[in-house]
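Colleague: So you can see what is in the structure, the chains are spelled out below.
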Amino acid sequence: MANKFSDQVGGFISLRLRGNAQEKIINMALARGIYIWDIKRRDDYIYLKVRTSGYEAFKTIADEQHFELDVLKREGLPFYKKIMKRRMGLFGGAVIFILALYLMSSFVWFVQVSGNDKVDRNRILMTAARYGIYTGAAKWNFSRIEVEEAMLRDLSEIAYIQCDIRGVKVNIRVVEKIRPDLNITGPCHIVAARDGVIEEVLVLDGQANVKAGDVVAKGDILISGIVFPPVLQETEGVPLPSTEPYHVRARGKVKARTWYEGYGECSRKTEEKVLTKKKFNKLYLETPWKKFLLKGKGDIPFAIYEKKEKVWRSPVGNWTLCLLKINEQTIEITEYSESEAVEIAREKAQKNLRQDIQPGLKISDSHIDILSSPSDSIVRIKVSAETIEDICLAQPFDGGEISN
Amino acid sequence: MDKRREIISKAVADLLEIPGDLVLDMPRLTITGRNELYLENHKGIIEYSTVRMRINLSRGFLEIIGDNLEIQALMPEEMRVLGDITSIKYID
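One line per chain: the protein sequences are A and B, in this order.
For the first sequence, the tail end lands on 401 under my numbering, and the numbers increase by one without skipping.
For the second sequence, the tail end lands on 119 under my numbering, and the numbers increase by one without skipping.
Hints are supplied without guarantee of correctness; some may be wrong.
Looking from chain B toward chain A, a few residues come up when the C-beta cut is under 7 Å (computed) [as the list claims (entries may be wrong)]:
(1) Asn68
(2) Gly71
(3) Ile72
(4) Glu74
(5) Tyr75
(6) Ser76
(7) Glu97
(8) Ile98
(9) Ala100
(10) Leu101
(11) Met102
(12) Pro103
By construction, these hints were calculated from the structure, which means they are not laboratory data.
All values derive from a computational prediction rather than experimental measurement.
Idealized CB from N, CA, C, for every residue including glycine.
The following block holds chain B by itself, in its conformation from the complex:
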């Protein structure tokens, strides 16, 4: 995404107090315990195995490390991951 456009969008979002995930297409994570992860605004899967999972985001990607990882649901905008999650890391 264009850098300048991103700055303007962020300013508008701050001014109007709109959550970033709506305007800026930023990811939104909901983690329940350590077994369930719900991710909105993803851009596809880069890598999937039972121990490591990389999910593409609008900027950079998200790395999930754990055991017995599985994708319970996959939809164009959102996904739900189950498994014993040990770490979640943002990588540029």
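Chain A with its partners taken away, still in its complex shape:
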């Protein structure tokens, strides 16, 4: 027995037969090898189904025997083909849609970089672009593993690289090499990292150049790496040790009182541009031949406005879609009373100050100076802070240089 699927592929016709001795016609069809099925009798009629290929032969038999033959229904793919022909646009559109989707998804649309800290993102992107991964690159033009290997070769600061291709998005994940701290092995001085007044000196190795209470400037030697041995009294029989100075790697801790300053100002009357909620968008499509305005006809209806441009470039050809976002602005005037202005300026000054001071440092004393006179339109404030911190900074020196 033939299965239903092959019937569908070949197509079949439902028929209705009327006449005397219908068995005869069934037998005749059988003898000629016409496959018929679903034979049902309802009153005078016999309903049956025949394949499209056998229909003509069956019709000839029926006509010869003077039977009444009606076609009830045509089913199967060949008949659907007619419907498909009529709805060419729909099926064509579906095919074009799938093709376009496939074509578009075989390009790289987005490149992301993650995991980089010291290495510049643009450098990673440029290196990736050199080996084939850039916005608009066709996916069949590069091999992921080759790009990874080449990038790893080029970027010496990176220990591991992975290009994760997810659809149209490429995520470049990098792990940077952690280099061991550069240790000073040769002789060195300890110099002052900033100006201050020495509070405490602890020498582990080397010769102290300063004592508590001394004022030092940035760069002054605090603990010298050049050590002059003490001059000993000559005793009999024991030869004097060498009095030549020798070099060490100076170590120690020098705590000093240091000062930081922060400056801040605030105008009593400020004019500020503030966005209103009114917006106006213009959308352009730029082709190599002409520029089309798709949306937003007419001039910009605002006096003061902010313009933002968003541009999408097509990976192939020189097509760009450009969205011009125009937001209306108004000028807002804010006036501060003197105390308010002082407060704002002080906050700014303190913020400024905190940027200089290393986090975790304890401020032992601070005071605020108002630099401006009360009649000035701008309030200027200086905040000074006093801290005690370690100002040691190792500075290697050339072993040959001996000076005092």
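Chain B: place on chain A using the hints.
Modeller: Same frame as chain A, but now just chain B:
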């Protein structure tokens, strides 16, 4: 079919242990429940109505009595009958 030839064929089939339906063109019926009948080696339909059906065989014919009988598939060698079958009878 020639009587003598039939006897010889039967003897050969028995000797070689070949099923009769292959050598002797005998009908082979498969009945599933009482609703479905599968018949091989038929020789055409003599009569067909919803209650009675007669099928020609190489020798004699087969009478199927039942209700709502229909021929689900019909091919030169085989056929499938559906319906509520009440009796199947061989008639010479």
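Colleague: Each hint should be assessed against the structure and marked as holding or not.
Modeller: Against the structure, the hints:
1. For B:Asn68, the shortest C-beta to C-beta distance to chain A is roughly 13 Å, which exceeds 7 Å, and the interface hint is violated.
2. Using the Cβ-Cβ criterion of 7 Å, the hint placing B:Gly71 at the interface with chain A is satisfied: the shortest such distance is roughly 4 Å.
3. For the restraint placing B:Ile72 at the interface with chain A, the shortest Cβ-Cβ distance is roughly 5 Å, inside the 7 Å limit, so the hint holds.
4. Residue-level restraint check for B:Glu74 holds (minimum Cβ-Cβ distance to chain A is 6 Å; threshold 7 Å).
5. Satisfaction of the interface hint for B:Tyr75 is found here, the shortest Cβ-Cβ separation to chain A being roughly 5 Å, below the 7 Å cut-off.
6. Using the Cβ-Cβ criterion of 7 Å, the hint placing B:Ser76 at the interface with chain A is satisfied: the shortest such distance is roughly 6 Å.
7. Using the Cβ-Cβ criterion of 7 Å, the hint placing B:Glu97 at the interface with chain A is satisfied: the shortest such distance is roughly 4 Å.
8. Evaluation of the B:Ile98 hint against chain A yields a held restraint, the C-beta minimum of about 4 Å falling below 7 Å.
9. Annotation: interface hint on B:Ala100 holds; nearest CB of chain A at approximately 4 Å, less than 7 Å.
10. The beta carbon of B:Leu101 is positioned within 7 Å of a beta carbon in chain A (closest approach about 5 Å), and the interface hint is therefore held.
11. Given the 7 Å rule on beta carbons, the hint for B:Met102 holds: about 6 Å separates it from the nearest Cβ of chain A.
12. Contact between B:Pro103 and chain A, as hinted, is supported at the beta carbon level, the nearest pair being about 6 Å apart and thus within 7 Å.
The structure shown violates just one earlier hint, number 1.
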